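A.B. asks: Okay, here's what each chain looks like letter by letter:
There are 2 protein chains.
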Amino acid sequence: MARLFHVPLSPYCRKVRLSLAEKKIEVELVEERYWEQDPDFLRRNPAGKVPVLRLDGQIMSESAAICEYIEETRPEPALMPKTPEARFEVRRLVGWFDDKFHHEVTSKLLYERVNKKVTGQGYPDSKNVKQGAKAIKYHLDYMAWLLDHRRWLAGDQMTLADFAAAAHLSSLDYISDVDWNRSQVVKDWYAKIKSRPAFRSILADQVPGFRPPPHYADLDF
Amino acid sequence: MARLFHVPLSPYCRKVRLSLAEKKIEVELVEERYWEQDPDFLRRNPAGKVPVLRLDGQIMSESAAICEYIEETRPEPALMPKTPEARFEVRRLVGWFDDKFHHEVTSKLLYERVNKKVTGQGYPDSKNVKQGAKAIKYHLDYMAWLLDHRRWLAGDQMTLADFAAAAHLSSLDYISDVDWNRSQVVKDWYAKIKSRPAFRSILADQVPGFRPPPHYADLDF
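Note that the protein sequences, when read in sequence, are chains R and P. Be aware that the first sequence starts at 1, since it is given in UniProt numbering, and climbs by one per residue. Be aware that the second sequence starts at 1, since it is given in UniProt numbering, and climbs by one per residue.
I should point out that these hints are in silico values taken from the structure, not numbers from a laboratory. Predicted model, so just to flag it, every value in this text is computed and none were measured. Wrong hints could be hidden among the right ones.
Heads up, simulated DSS-like pairs for lysine-lysine below, C-alpha to C-alpha not over 27 Å straight-line [claimed, not checked]:
{"#": "1", "chain 1": "R", "residue 1": "Lys127", "chain 2": "R", "residue 2": "Lys23"}
{"#": "2", "chain 1": "P", "residue 1": "Lys100", "chain 2": "R", "residue 2": "Lys116"}
{"#": "3", "chain 1": "R", "residue 1": "Lys116", "chain 2": "P", "residue 2": "Lys82"}
{"#": "4", "chain 1": "R", "residue 1": "Lys23", "chain 2": "P", "residue 2": "Lys82"}
{"#": "5", "chain 1": "R", "residue 1": "Lys100", "chain 2": "P", "residue 2": "Lys127"}
{"#": "6", "chain 1": "R", "residue 1": "Lys82", "chain 2": "P", "residue 2": "Lys82"}
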């Protein structure tokens, strides 16, 4: 069986979990305290990061590369469109969320509030938290602008771009940092993706010391 | 003709320039002072970053997505291998350089020494510079370990992984931050890639206020 070394609230791990689940690939989840830099773990991944996936006899790291591999070896159901133009748009948006959104929002909110505590690095820096809380509004508005024109973020079908975005937003929703009242189209989009069977394991996540708000796992939030 | 909005020492822009040149796609280079956040530029790319490429009537951002698009629409000469396993390894290494190497090395050396001055953000932070100078040794050793087993970084053919790595290293070489005596295999690899016609425009780059060392453009460095 496939095995994923992960931490529950990591958006990169969640994106891989969503891809695996959507394609019905069974996976054993193993929580990895990657910040302790265990030698066994570093042997599996010299980058020292999660996710690390064992699949098809290989040990794989880098979430974007993993998702492309899963897509190429298990093309159904498709999480990438067919034309180069549409595929470009998916990859652009995956980059948007995993680079820009992560830098401006996730690292400022989730890392300050959760990762610092879990890894023993002290208290949240309120300047960062304020910046993140401001930036997420701009990103939600950008998503709303996209979703005014499209059924899903990158076009008319659900793709890896939706999983990348939902991975970040679901992790932030766990700590009540998403204002779902800001945009109805974004809320509707999240309700659609949240109700997929692939999302169930993510809604069941529990992080000791951090209790999710009641709406976190509620499909009618 | 294609048009690339770029800055000369950006590794992400250089990676795209190398891909375009290797595939003999003529491009007009336009320097973009992206940090001034010109409204015209932000209309082209709401992420506010370079590179931005105009190609096939589209405006494209995110260097990884751009390179995959070029590869899909101009498959020859191939910069990606054929099997999913080998393609995974290319993408893993592109991620390694564009994320980990960038975070640990490029942002600590190039950004401190050059970007801060160019964008009027003051002087290099010597703590960061020291960290970057230490981290690059570890990365050169990792490259040497890969190249002990392989002709090119991701396998037996030259790929986007080599371009990602060469893009970062060439930018750092411009400011004399690469110790080419650390590893003979890495130096040989760089000599091979540096002598390709696709590299010429990069070796001709000039940044006002920063003169490259004599070996920068020398093929027998």
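A.B. asks: Holds or violated: Lys82 (chain R) with Lys82 (chain P), Cα cutoff 27 Å?
C.D. replies: Distance of about 18 Å is within 27 Å: holds.
A.B. asks: Does Lys100 (chain R) pair with Lys127 (chain P) here, judged by a C-alpha cut-off of 27 Å?
C.D. replies: Holds, at about 25 Å.
A.B. asks: Taking only the CA atoms, is the gap from Lys100 (chain P) to Lys116 (chain R) under or equal to 27 Å?
C.D. replies: Holds. Lys100 (chain P) to Lys116 (chain R) sits at ~20 Å (cutoff 27 Å).
A.B. asks: Under the criterion that the straight-line Cα-Cα distance not exceed 27 Å, is the pair Lys116 (chain R), Lys82 (chain P) satisfied?
C.D. replies: violated (42 Å)
A.B. asks: Taken at face value, is the distance from the CA of Lys82 (chain P) to the CA of Lys23 (chain R) at most 27 Å?
C.D. replies: holds (22 Å)
A.B. asks: Given the hint that Lys127 (chain R) pairs with Lys23 (chain R), does the C-alpha gap stay at or below 27 Å?
C.D. replies: violated (40 Å)
Going down the numbered hints, you'll see the structure goes against 1 and 3, while the others check out.
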